[in-house]
Amino acid sequence: MSIDSAEPSELIDDRFAVQTSQLTRVFGRLIAVDGLDLNIKRGELFALLGPNGAGKTTTIKMLCCLLKPTRGTATVMGYDINKQAHKIKEIIGVSPQETIVSEHLNAREHLRLIGKVHGIDSAELKTRSELLLETMGLADRAKEQVRKYSGGMMRRLNIIMSLIHDPEVVFLDEPTLGLDPQARRAIWEYIVQFKRRKTILLTTHYLDEADFLSDRIGIMDEGKIIALGTSTELKTSMLGKHTMIIYAWNLTQKVITEMKNRYDEVIVHDGTIEITAKELDFKEVVDRLHTAGATVRSAYVKEPTLDDVFLQLTGKEIRE
Amino acid sequence: MRILELAGRNLKETYRDPLALGFLLGFPLVFMLLFGAIFSSDTAPSFPVGIIDYDGTQLSEAFINEILPGVEVLDIIEYDDSESARKDLKLGELSAYVEIPQGFGEEIALTWQGQKSDIVLDMTYDESDIQTSEQLISTITAVTRGYARIEIPVTVNTNPINVETDIDYADFMAPGIIVFGILILIPTSARIIVRDKEKGFLSRLLTTPARPLDFISGYFICLVAIAIAQIILFMVFARLLGMDIVGSVWLAFLVFFLTGLCSIGIGMIVGSLSKSENQAEPLCWLFSMPLAMLSGCWFSIEILPSYLRNIAYAFPYAHTIEAARGVITRGVGLEAIGTDFLFLVIWAAAAFIIGIILFGRTMRT
Chain A
69 MSIDSAEPSE LIDDRFAVQT SQLTRVFGRL IAVDGLDLNI KRGELFALLG PNGAGKTTTI
129 KMLCCLLKPT RGTATVMGYD INKQAHKIKE IIGVSPQETI VSEHLNAREH LRLIGKVHGI
189 DSAELKTRSE LLLETMGLAD RAKEQVRKYS GGMMRRLNII MSLIHDPEVV FLDEPTLGLD
249 PQARRAIWEY IVQFKRRKTI LLTTHYLDEA DFLSDRIGIM DEGKIIALGT STELKTSMLG
309 KHTMIIYAWN LTQKVITEMK NRYDEVIVHD GTIEITAKEL DFKEVVDRLH TAGATVRSAY
369 VKEPTLDDVF LQLTGKEIRE
Chain B
52 MRILELAGRN LKETYRDPLA LGFLLGFPLV FMLLFGAIFS SDTAPSFPVG IIDYDGTQLS
112 EAFINEILPG VEVLDIIEYD DSESARKDLK LGELSAYVEI PQGFGEEIAL TWQGQKSDIV
172 LDMTYDESDI QTSEQLISTI TAVTRGYARI EIPVTVNTNP INVETDIDYA DFMAPGIIVF
232 GILILIPTSA RIIVRDKEKG FLSRLLTTPA RPLDFISGYF ICLVAIAIAQ IILFMVFARL
292 LGMDIVGSVW LAFLVFFLTG LCSIGIGMIV GSLSKSENQA EPLCWLFSMP LAMLSGCWFS
352 IEILPSYLRN IAYAFPYAHT IEAARGVITR GVGLEAIGTD FLFLVIWAAA AFIIGIILFG
412 RTMRT
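For the protein sequence lines, the chains are A and B, in the order given. First residue of the first sequence: 69, per the working numbering; consecutive thereafter. First residue of the second sequence: 52, per the working numbering; consecutive thereafter.
Isolated chain A, as found in the complex (with noise of 0.2 Å):
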């Protein structure tokens, strides 16, 4: 696995959707983004995870020219965000971090007023309105004043404000911070239908969102992305380690020791003992317990998450 790199912008792959070269923006003291090289397939659903403050949404600002980069540079759909921030604005749409609509509207007037900023005109506004209305379950409730909406359904709203123009590339800025898991499930579920159709760049803390939605995954620190790949490149070649966690009685000194000369890493606690290895044969684990006197209760082999990856990238935990 490696990080993907590209040479300056002039050098315009068109497999890219979006392409960012040497990226980089500072406030004041801080790199909020640092050097930033990343390409993004088109039709591809790229997640930027990482804690706050990794420099996430100062990315995805850059490339929806709402922020000049400090230095560097990148195109979206060949559109250099320096020279061509208009003709990007017409391509991308955009879901930012917080919740932005206008109170006192109708799920149709925001999907219009931005539809008609894009000068789409209004019959086939319409038609487009109705099935992103049906699609994302608000087409009930499309009438009523927003302020009335729930989170979940805001966040919705939020969200196919960003497709109502047929966009080329959409950013989604963390689509379902804040949100109970039930509702954030949903909104997965709604992004999903768009996968393949659009290029989607999203960003979110949430590990279980990154790894649900996204074709490839780009951890996200600092400024600086330290790891990318697809969720299953990131957890196997990144940390090449398996866990076991087993219970079991007659957890003795005699047994603790002999695992630890067999194994790299064990510990122990409130009769669980957690064994983790390079190459760790399930089988073989339970049958060394036994000879040593171990009785086994249940054992099972710990998937590796997402958190595993960036604590062992990090040294800290993405919740952070």
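There may be inaccurate statements among the hints.
[Said to hold, decoys possible] With a cut-off of at most 30 Å between alpha-carbon atoms, the simulated DSS-like pairs for lysine-lysine come out as follows:
1. A:K155 <-> B:K250
2. A:K136 <-> B:K250
3. A:K211 <-> B:K63
4. B:K63 <-> A:K216
5. A:K263 <-> A:K109
[Claimed, not checked] On the chain A side, residues computed to face chain B include the following (Cβ under 7 Å):
6. C132
7. L134
8. L135
9. K157
10. E158
11. V162
12. P164
13. E166
14. I168
15. S170
16. H172
17. L181
18. K184
19. V185
Don't read these hints as lab results, they were simulated from the structure. Glycine residues also receive a C-beta, built at the ideal position from the N, C-alpha and C atoms.
With chain A fixed as given, assemble chain B onto it according to the hints.
Same frame as chain A, now just chain B:
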């Protein structure tokens, strides 16, 4: 099309918000209703005012015998000398007395001929009764100016029948209250802009192909529509409360409209400079409430010390009230309020240009 959509959205955000609408229209209407009730003609008091005519010309006599008796709130009593008038003032039998100095008639005649003049009246009043003296100063000033400024040939100067003397409190107070309502456009304009900025709606729309000019025009059309609706509503309401418009209704409307543009411009400036509604709101009130007082929304600025009057005249609102009172109560035309009118045009243009520059800068940053 883009501009109209943005303007439409801004309008909906305002008129569908009961709080914003109540603040914008209800607040000044309540003031107007209160003032209308307080100073309704049924209960309006009559003040005994002494007059001493040292001029003794036909014009001064016409002023005393034809004009002043027609003013409802004045009960005119003629005196031969100021000593006896002063005595009655001290005894409380007079609210004030006015001395018409020599040369008054000559100065009035010069005014009628379109020449430069200096009309002086000496008024003595009981300073402990601030409210009464203030009303009397305003009334005497308004009537004298009405008498002096009307353009009729000298030959008929002893018969100034076209002078509006039926000035009641509604006529006098209404322009001030309407201007107070227009002053509320400052916080309204600022709030509309700052709210969009603070809540990120402006940022969101900045990711679309809409250009800065579209946003500015969108806000401008919305705010101008609000101003027009507000002025029409206030004028109709004031009329229902008894305000008579002697002069041109259109000219009065135009004066108020220009003032509305000034308020919108100031609101845009405050909105562009503020980062949040919490910042903009006090800033607007800090600006508009003292200005409402200084400009004479609720009382005549004649009673203000000269330095405060100079401050008031640096802003558009005192000019509006003077010009509007001229049109509404005295029926003067554009030529008589030309200076005030020009001042309003310059102020409106300047406030707008600065507002647009600052707003444009806000969007770029």
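Each hint, compared with the structure:
| no. | hint | result |
| --- | --- | --- |
| 1 | A:K155 <-> B:K250 | holds, 25 Å |
| 2 | A:K136 <-> B:K250 | holds, 21 Å |
| 3 | A:K211 <-> B:K63 | holds, 14 Å |
| 4 | B:K63 <-> A:K216 | holds, 16 Å |
| 5 | A:K263 <-> A:K109 | holds, 12 Å |
| 6 | C132 | holds, 5 Å |
| 7 | L134 | holds, 6 Å |
| 8 | L135 | violated, 10 Å |
| 9 | K157 | holds, 5 Å |
| 10 | E158 | holds, 5 Å |
| 11 | V162 | holds, 4 Å |
| 12 | P164 | holds, 6 Å |
| 13 | E166 | holds, 5 Å |
| 14 | I168 | holds, 4 Å |
| 15 | S170 | holds, 6 Å |
| 16 | H172 | holds, 4 Å |
| 17 | L181 | holds, 5 Å |
| 18 | K184 | holds, 4 Å |
| 19 | V185 | holds, 5 Å |
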